[in-house]
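Dock chain B against chain A, hints included.
Protein sequences appear in the order of chains A and B.
FYI, in numbering that gives the first Met the number 0 the residues of the first sequence are 0 to 512.
FYI, in numbering that gives the first Met the number 0 the residues of the second sequence are 0 to 512.
Where hints are given, some of them may not hold.
Because identical chains share one entry, a pair is satisfied inside a single copy or across any pair of copies.
Think about it this way: if two alpha-carbon atoms lie no more than 25 Å apart in a straight line, the pair counts; the simulated SDA-like pairs of lysine to any residue are [said to hold, decoys possible]:
1. 133 <-> 306
2. 226 <-> 377
3. 133 <-> 99
4. 476 <-> 82
5. 67 <-> 8
6. 439 <-> 81
7. 14 <-> 51
8. 476 <-> 25
9. 468 <-> 76
10. 55 <-> 71
11. 5 <-> 457
12. 225 <-> 345
13. 157 <-> 361
14. 218 <-> 159
15. 497 <-> 102
16. 98 <-> 287
17. 407 <-> 350
18. 158 <-> 66
Calculated from the structure, these hints are not laboratory results.
2 protein chains.
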Amino acid sequence: MQLRVKILGIDSGGKPFVFLNKNDADELNITASERVTIGRKQKMTAIVNISSMSVKSGYIGINEEVRKDLLLKKDMWVNVEIAPFPASLQFIRNKLAGKRLLYPEITEIVKDVVDGNLNENEIAAFVTSLHIEKIDLDEATSLSRAMVSTGKTLKIKKKIIVDKHSIGGVPGDKTTLLVVPIVASLGYTIPKTSSRAITSVAGTADRAEVLMPVNLTIKKLEKVVKKCNGCIAWGGSLELAPADDIFVQTEFSLHIDPLLLPSIMSKKKAVGATHLVVDIPCGRGAKMKTTGEADLLARDIIELGNRLDMHAHCVVTFGEQPIGNSIGPALEAKEALEVLMNRKSVPDLVDKACNIAGAIFEMTGRKNGYLLAKDALESGKAEAKMREIIQSQGGNSSIKPEDIKIGKYTLHIRSEKTGQVLWMENRIIVEIGRAAGAPKDKGAGVVFNKKNGDFVKKGEILFTVYAEKQYRLQRIKNILMNQSLMGIGSKTDMLIHKIEEIPVVERTFVIDR
Amino acid sequence: MQLRVKILGIDSGGKPFVFLNKNDADELNITASERVTIGRKQKMTAIVNISSMSVKSGYIGINEEVRKDLLLKKDMWVNVEIAPFPASLQFIRNKLAGKRLLYPEITEIVKDVVDGNLNENEIAAFVTSLHIEKIDLDEATSLSRAMVSTGKTLKIKKKIIVDKHSIGGVPGDKTTLLVVPIVASLGYTIPKTSSRAITSVAGTADRAEVLMPVNLTIKKLEKVVKKCNGCIAWGGSLELAPADDIFVQTEFSLHIDPLLLPSIMSKKKAVGATHLVVDIPCGRGAKMKTTGEADLLARDIIELGNRLDMHAHCVVTFGEQPIGNSIGPALEAKEALEVLMNRKSVPDLVDKACNIAGAIFEMTGRKNGYLLAKDALESGKAEAKMREIIQSQGGNSSIKPEDIKIGKYTLHIRSEKTGQVLWMENRIIVEIGRAAGAPKDKGAGVVFNKKNGDFVKKGEILFTVYAEKQYRLQRIKNILMNQSLMGIGSKTDMLIHKIEEIPVVERTFVIDR
Chain A
0 MQLRVKILGI DSGGKPFVFL NKNDADELNI TASERVTIGR KQKMTAIVNI
50 SSMSVKSGYI GINEEVRKDL LLKKDMWVNV EIAPFPASLQ FIRNKLAGKR
100 LLYPEITEIV KDVVDGNLNE NEIAAFVTSL HIEKIDLDEA TSLSRAMVST
150 GKTLKIKKKI IVDKHSIGGV PGDKTTLLVV PIVASLGYTI PKTSSRAITS
200 VAGTADRAEV LMPVNLTIKK LEKVVKKCNG CIAWGGSLEL APADDIFVQT
250 EFSLHIDPLL LPSIMSKKKA VGATHLVVDI PCGRGAKMKT TGEADLLARD
300 IIELGNRLDM HAHCVVTFGE QPIGNSIGPA LEAKEALEVL MNRKSVPDLV
350 DKACNIAGAI FEMTGRKNGY LLAKDALESG KAEAKMREII QSQGGNSSIK
400 PEDIKIGKYT LHIRSEKTGQ VLWMENRIIV EIGRAAGAPK DKGAGVVFNK
450 KNGDFVKKGE ILFTVYAEKQ YRLQRIKNIL MNQSLMGIGS KTDMLIHKIE
500 EIPVVERTFV IDR
Chain B
0 MQLRVKILGI DSGGKPFVFL NKNDADELNI TASERVTIGR KQKMTAIVNI
50 SSMSVKSGYI GINEEVRKDL LLKKDMWVNV EIAPFPASLQ FIRNKLAGKR
100 LLYPEITEIV KDVVDGNLNE NEIAAFVTSL HIEKIDLDEA TSLSRAMVST
150 GKTLKIKKKI IVDKHSIGGV PGDKTTLLVV PIVASLGYTI PKTSSRAITS
200 VAGTADRAEV LMPVNLTIKK LEKVVKKCNG CIAWGGSLEL APADDIFVQT
250 EFSLHIDPLL LPSIMSKKKA VGATHLVVDI PCGRGAKMKT TGEADLLARD
300 IIELGNRLDM HAHCVVTFGE QPIGNSIGPA LEAKEALEVL MNRKSVPDLV
350 DKACNIAGAI FEMTGRKNGY LLAKDALESG KAEAKMREII QSQGGNSSIK
400 PEDIKIGKYT LHIRSEKTGQ VLWMENRIIV EIGRAAGAPK DKGAGVVFNK
450 KNGDFVKKGE ILFTVYAEKQ YRLQRIKNIL MNQSLMGIGS KTDMLIHKIE
500 EIPVVERTFV IDR
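Only chain A is shown next, with the shape it has when bound in the complex (with noise of 0.2 Å):
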């Protein structure tokens, strides 16, 4: 059928769609979310959305997707049919009967994805479908392959490439900031990539950011590890796995997490990584709640590992409270550095990037791994580098703690109570750090005194709200008086709480990778 474009005007994320008027809609027997193939000489496929006044009958409109693809203006007349029936549907309905999938079938669901051939009500029903379903090690294997095969991949040549990940879920971990350069201090090469917040207070791309560029090429990015060893670098504009991308919109809203493995493997394998540390927290108010979730988690990561022939080893770590004393970008970017200059104790970042860094020496033949990191850390050689790295990246080389913003409006949470700290909420700590502004605001965020086991007396300052806008410190007031993020007490306060009415229970849920 021949149509004349109309321009909507509008974007969407990369989805190519269009406007039929009902009649031609009928015409070409299409109903709505159903697909067309539309062009001249070069064709593409869009999704169909039906409407009688938006366009007039004989016009078609195409969003800014569809335009700029094939070049349209307006009025130009267009070819437009029935878009041939995508086999990827066929394979997700598969999924929904219960049936496994295999690699072929994957693949061109993946890129069916990617390519904008499959509307949100079909992504949505495989992601929910591979949650409830639970994909298996095979899938697994497929859906990573998947992916990389779909997206970019670094391209450095080195006999041994390392990274690490983490799954996330604890606000405060500003790990990767010290494994980095004491990794790279030691001439291993890890490109890392990592994510901005999605759901949490700040993502290692955000902290970073307040020290140096992100935001850089593949080229820019093959440069900089060449020259230091290491970076790190925003993963999002890379297009490493950008099917993971569009996943993570559904699992996001969802709070459900299927494709958590192949996320992080597939990533992981764009880069060209050899030797993989992934840090499990682990805890109440972490992602996996107890040591044996953690452990089989691990006992996949491995084995998906060896199938993508890559060695992977993880760390069970102590998740049920901030990592440091900061959350927040510009705050917790300022903790980093401060440690990587030696000038203040934070005893438990130090010791989770040791371990880490660690892992990564002893699992390429190193002894005494933890040592070495503490060494690079202790003897100034993994500043030095993380100097490095910040002028190729282009930022200020030296710069320095008290050189970074942090937001002038300040609220001292004070303890109503003597006792002792009993638990931390990772959840209203994310809730606070959110509502003073992060991640956008760069230098919001809380910076704590006293954290789990601390005594406490009443009047102490437990923390402090940093924000850059004075009016978002009333709202967590607000937030404040309702629930803690901290429990003071002695050892024998027993009740959690009540539940008088049928509850809409609000869960941790963290999607950051």
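For chain B alone, coordinates are given in the frame of chain A:
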């Protein structure tokens, strides 16, 4: 946050959405597919799209749904805030975690679906989880009730209101066009609402529309029923159980049908039915493949009826070939009219209609229901009643079969061998019917000269395709080159088909209601 209105000029099937600039979205701390409340005095919730191009910072793009509901104009200031978290989404997440849902939770979900407060991802995940984890009868009851309470209902003051429904899946099933006049002619109240074809060749509303207007208002429908005891109206514009119309979009795309029971039962409850007969076509090519499956479904229908204070009986019918000899809206309306006028003998159609009408009579206490029905048909009472209904709904009550316009382009398909008809393939019959132009072209369809068991000589006409547009016949020739809709042979031909590579399965799936 105060933003200025930009009218996008697109509508989207009832779903309110807005476009925010990336900056404003970050300031609001909101991501794509989340929800905002928007408005001046009156407020509503809308789903968020995020774009850096479609709207400038400081503006909010609104679709027609939002514009009309809030009566907004270009450049008006509106207040935009992040919407309170919908509890319904937490309930969907609970379902994803394998939990059974309670009535207040299901009501909340259904309400938010109807109000446009849940995005496509979330609705698709809900429907998918109902499919994979199954719904139990408690949930089905809750869903039925919630779907009724979020829609309109008929107010007909009768102690007994009867209804019939077919779960569908068999082409050419014009039974309702006989059952309604038969039942109404005996004084029973039967306010029949029907759907149009979604994936089939014709829905009952499409067939009836050949004879009379079916797009009635609730008021008009009540008037017709008061006068004639019965009606045959399109259910789509009546807003009975509107949630179903939204769920069905997801189900259709995914070929899943978890809401089958609540969908049927909520619509029947909404018209006030007290006695219901449900037809369950059964066999290869029908929705239910075995009588065992059919009986289990029947059990659930009857029990669900009980819980909704409705008497329900079921009839399991033979569904391996079309009902009667014709498919396509006009051809089927013509065949039904010929049978009502006793001009033509179509034994399977008459038998099915009399069984269903007879079941209705018997469940309300009459004896010999089948014979009562047959008598109504043969005596001309049913025809007279049908003409009364046609007149009340605004059609031509003296319409004759030869007045009905059939497509003038024909294609005769002849047998390539001598033998017996061993099987007919409903899926391909539907494909041919739709390729001929049905349901949009009302005169398009197929007339069968031979059906299962009939003896055929080489060269005899098996069936004739009718189309309103000649070019459609070519496509049918192409379809029939690769597959047959009828198997002719002797009873010893054993091979069905071979599989030599990983197949992309095409399954029968009919979602028409």
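For each hint, the structure was consulted:
1. In this assembly of identical chains, residue 133 and residue 306 lie within 25 Å of each other by CA distance solely inside one copy; the values are 19 Å within and 34 Å between copies.
2. Within a single copy, residue 226 and residue 377 get their C-alpha atoms as close as 23 Å, which meets the 25 Å cut-off; across copies the closest is 94 Å, which misses it.
3. With identical chains, the CA atoms of residue 133 and residue 99 are at most 25 Å apart both within one copy (10 Å) and between copies (19 Å).
4. Only between protomers do residue 476 and residue 82 lie at most 25 Å apart by alpha-carbon distance; the minimum there is 20 Å, versus 55 Å within a single protomer.
5. Both within a single protomer and between protomers do residue 67 and residue 8 lie at most 25 Å apart by alpha-carbon distance, with minima of 11 Å and 21 Å respectively.
6. For the homomeric pair residue 439 and residue 81, the shortest alpha-carbon distance between copies (16 Å) is at most 25 Å, but the shortest distance inside one copy (43 Å) is not.
7. Taking identical chains as interchangeable, the C-alpha atoms of residue 14 and residue 51 lie at most 25 Å apart whether they share a chain (22 Å) or sit on different chains (14 Å).
8. Taking the shortest Cα distances, residue 476 and residue 25 sit within 25 Å of each other only across copies (22 Å), while inside one copy they are farther apart (56 Å).
9. In the homo-oligomer, the alpha carbons of residue 468 and residue 76 lie at most 25 Å apart only across protomers (23 Å), although the nearest pairing inside one protomer, at 52 Å, exceeds that limit.
10. Taking CA atoms no more than 25 Å apart as the test, residue 55 paired with residue 71 passes in both settings, with 18 Å inside one copy and 23 Å between copies.
11. Taking the shortest Cα distances, residue 5 and residue 457 never come within 25 Å of each other, neither inside one copy (67 Å) nor across copies (53 Å).
12. For a Cα distance limit of 25 Å, the shortest separation of residue 225 from residue 345 qualifies neither inside one copy, at 31 Å, nor across copies, at 82 Å.
13. Taking the closest pair of Cα atoms, residue 157 and residue 361 come within 25 Å of each other only inside a single copy of the chain (18 Å); across copies the shortest separation is 83 Å, beyond that limit.
14. Proximity of residue 218 and residue 159 under a CA criterion of 25 Å is satisfied intra-copy only: 20 Å inside one chain copy versus 77 Å between copies.
15. For the identical chains of this complex, residue 497 and residue 102 are inter-copy neighbours only, at 22 Å across copies versus 49 Å inside a copy, given an alpha-carbon limit of 25 Å.
16. In the homo-oligomer, the alpha carbons of residue 98 and residue 287 lie at most 25 Å apart only across protomers (20 Å), although the nearest pairing inside one protomer, at 28 Å, exceeds that limit.
17. For the identical chains of this complex, residue 407 and residue 350 are neighbours neither inside a copy (31 Å) nor across copies (84 Å), given an alpha-carbon limit of 25 Å.
18. With identical chains, the CA atoms of residue 158 and residue 66 are never at most 25 Å apart, being 44 Å at best within one copy and 60 Å at best between copies.
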